[in-house]
Each structure stands twice: as structure tokens, then as C-alpha cells.
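Enquirer: Starting from the known structure of chain A, fit chain B onto it as the hints suggest.
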Amino acid sequence: NAGVMQNPRHLVRRRGQEARLRCSPMKGHSHVYWYRQLPEEGLKFMVYLQKENIIDESGMPKERFSAEFPKEGPSILRIQQVVRGDSAAYFCASSAKTGLEQFFGPGTRLTVL
Amino acid sequence: QQQVKQSPQSLIVQKGGISIINCAYENTAFDYFPWYQQFPGKGPALLIAIRPDVSEKKEGRFTISFNKSAKQFSLHIMDSQPGDSATYFCAASIYSGGSNYKLTFGKGTLLTVNP
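Line by line, the protein sequences give chains A and B. Sequential numbering of the first sequence, starting at 1, is according to the working numbering. Sequential numbering of the second sequence, starting at 1001, is according to the working numbering.
FYI, nobody ran anything at the bench for these hints, they're computed from the structure. Keep in mind that a hint or two might mislead.
[Unchecked claim] Residues from chain B that face chain A, not an exhaustive set, calculated with beta carbons under 7 Å:
| id | residue |
| --- | --- |
| 1 | Lys1042 |
| 2 | Phe1089 |
| 3 | Gly1106 |
Quick reminder that beta carbons are idealized off the backbone N, C-alpha and C, glycines included.
Excised from the complex, chain A in its bound form (with noise of 0.2 Å):
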């Protein structure tokens, strides 16, 4: 009963590569939450998707953020151009159904050099 899978565990990029995180979530479940932990800060919410859809993206930032469910495979958050303060522990999370409990995954630790 594998939980929610994410790789790399850690990535290094330099300033202005791309950075893709992927997330596999839990058996049975549909909808993929991301968040993002800052140096001494609680995880904040980025992206709710479901499969194919993005329901709410109110905490991405509006550039060089994008995230998707597709119909088959991972979720994908990919990270254009990175910067410095892109440097964080970024954690996926999914559920059954909205609503549900959250079951997270180990997080990627993205440092940006």
C-alpha cells in the first residue's frame, strides 16, 4: 500500500534551469494538492489539481509556475528560469475526494544554486 510518491527527493539546479518535481499519489486517489516550505515557515498552499483539471491556483505565483494532472502519470510542478528564493521543500499531497484528509508525500527538496 504505497503512500504518496515523490522524486527526485532532492534536486540541484543552478539559476535560470528548469525544475520539474513529480508526484504520485496514493491508489484510488484523484485529486493532488502541492505546497511549498520556505526556511522556517509552514507549508503553504500553491495548487489543487484533479485529473486533467486545475481547480484552484490561487497560491502559485503568476510566473514561472506550472503544475499539471495529466490523464495518465504523475502530477507534474514545473518551475521555469529558477531563482535563488525558489530554494525550498516542496510537498505533494493527495486525497480520495475533496474534502478528505490530505495524505502527504516525503516532499523534493529544490536548492538553487
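Expert: Same frame as chain A, now just chain B:
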């Protein structure tokens, strides 16, 4: 604007003692208050949660106390054990509304329980 304020930032407790972590919120529309436990290198895991229709909820050694008028809630860990050493996050969301999935987290409390 920090909607959920958590304190203390860190806490050291002796084995067998009581650990108390406090949170205060600003948005009166919040009506779901979960606590998450996070071990190093892991994602947060739901520990216990409360709705504002009750003032207290207990699950084993973990108790949430809720004060709606003060807009505060707290986590009590009785008989704290070294295995409880972790970071604890309080959170809040609008359960009854259309955005009940959007958890707002506090900054976290690093709990260390000494043997």
C-alpha cells in the same frame, strides 16, 4: 499576513512530561483545525483534528483544546516520549466552504523529548 500563528517555535520536554503547543487564528470562517506531525525527511502526517462544535478532542495521549471565542486551539501531548520528538504543525481550513482543501499552516514547533 500570517493567518495561523503557532508557538512556541521550539520546545524541550522531559520524558513523561506534558507538551503544549498553541495556535491562534484570525479568519473566523475557519472551521476545521488539524494537527500534523512531521519527522525529519518525511512529509507531514495527520495526527488529530477538531471541528469548532466541540471544545476538546482526545485520541490516546493527544488532546486538542479549542476556544472559539479566543480563536485559539492547542495540542497537549501527555506522558511525552522520545519517539514524539518531531515538528508539529497546526493548520486550519474552511471545511464547510468550497475551498475546504486549502490548508493554512502555522510555522511549526520543533519538539524534543529528552529521555
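Enquirer: Now tell me, hint by hint, if it's right for this structure.
Expert: Going down the list of hints, with the structure as the test:
1. Lys1042: holds, 5 Å
2. Phe1089: holds, 6 Å
3. Gly1106: holds, 5 Å
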